[in-house]
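> Counting in the numbering used here, the sequence shown runs from 15 upward without gaps.
It is possible that some hints are incorrect.
If you anchor each label on the Cβ, the simulated ranges turn out as follows [stated by the list, open to error]:
#1 34 to 98: 37 to 47 angstroms
#2 48 to 116: 35 to 45 angstroms
#3 117 to 27: 35 to 45 angstroms
#4 49 to 91: 19 to 29 angstroms
#5 84 to 43: 16 to 26 angstroms
#6 90 to 50: 17 to 27 angstroms
#7 117 to 29: 35 to 45 angstroms
#8 69 to 117: 30 to 40 angstroms
#9 98 to 77: 52 to 62 angstroms
#10 98 to 30: 52 to 62 angstroms
Hints are computed from structural coordinates only; laboratory data are not their basis. C-beta: ideal position from N, C-alpha, C; glycine also.
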Amino acid sequence: MITDIAVERICFRCPESHWQSEAEYDVVLYVDAVGDTWEFFSLNGVPMPSPYDVDGAPFCPVCHRVVPGRPIARRFIPVPPGAEGRPRRRIRDSDEHRATREDLPMLSGAPASQGH
Numbered sequence: 015m016i017t018d019i020a021v022e023r024i025c026f027r028c029p030e031s032h033w034q035s036e037a038e039y040d041v042v043l044y045v046d047a048v049g050d051t052w053e054f055f056s057l058n059g060v061p062m063p064s065p066y067d068v069d070g071a072p073f074c075p076v077c078h079r080v081v082p083g084r085p086i087a088r089r090f091i092p093v094p095p096g097a098e099g100r101p102r103r104r105i106r107d108s109d110e111h112r113a114t115r116e117d118l119p120m121l122s123g124a125p126a127s128q129g130h
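When you get a sec, could you build the whole thing from the sequences and use the hints?
Shown next as structure tokens:
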């Protein structure tokens with residue numbers, strides 16, 4: 015069961031070269047059938063290892079060290095169905111509804127201040 019969905023802005027800063035970058039990752043927390051809690055990360059719709067771990071962190075383009083991320087902002091996305099009376103919209107024709115969104119460009123995981 016999904017227990018938390020958020021967008022996390024993550025800063026990567028190399029202590030050696032002082033290179034710095036930011037990216038916004040989608041993060042889903044869920045509990046599996048045996049009760050274990052898991053985190054699932056994606057960037058621009060692509061599943062990724064945790065940017066907080068060495069295995070998922072980018073390399074500094076200057077000195078080539080692994081640069082684990084540090085969270086700097088978070089936007090929570092409510093998990094449905096939520097409280098009674100929460101605004102929502104029933105979809106009557108899911109094929110037509112999805113068709114209006116399929117051709118939209120993908121949002122970048124980069125902060126808006128750095129461009130799209």
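> With reference to the structure, classify each hint as holding or not holding.
Verification of the supplied hints:
no., hint, result
1, 34 to 98: 37 to 47 angstroms, "holds, 45 angstroms"
2, 48 to 116: 35 to 45 angstroms, "holds, 36 angstroms"
3, 117 to 27: 35 to 45 angstroms, "holds, 37 angstroms"
4, 49 to 91: 19 to 29 angstroms, "holds, 23 angstroms"
5, 84 to 43: 16 to 26 angstroms, "holds, 19 angstroms"
6, 90 to 50: 17 to 27 angstroms, "holds, 22 angstroms"
7, 117 to 29: 35 to 45 angstroms, "holds, 43 angstroms"
8, 69 to 117: 30 to 40 angstroms, "holds, 35 angstroms"
9, 98 to 77: 52 to 62 angstroms, "holds, 54 angstroms"
10, 98 to 30: 52 to 62 angstroms, "holds, 53 angstroms"
The structure fails none of the hints (numbered hints given earlier).
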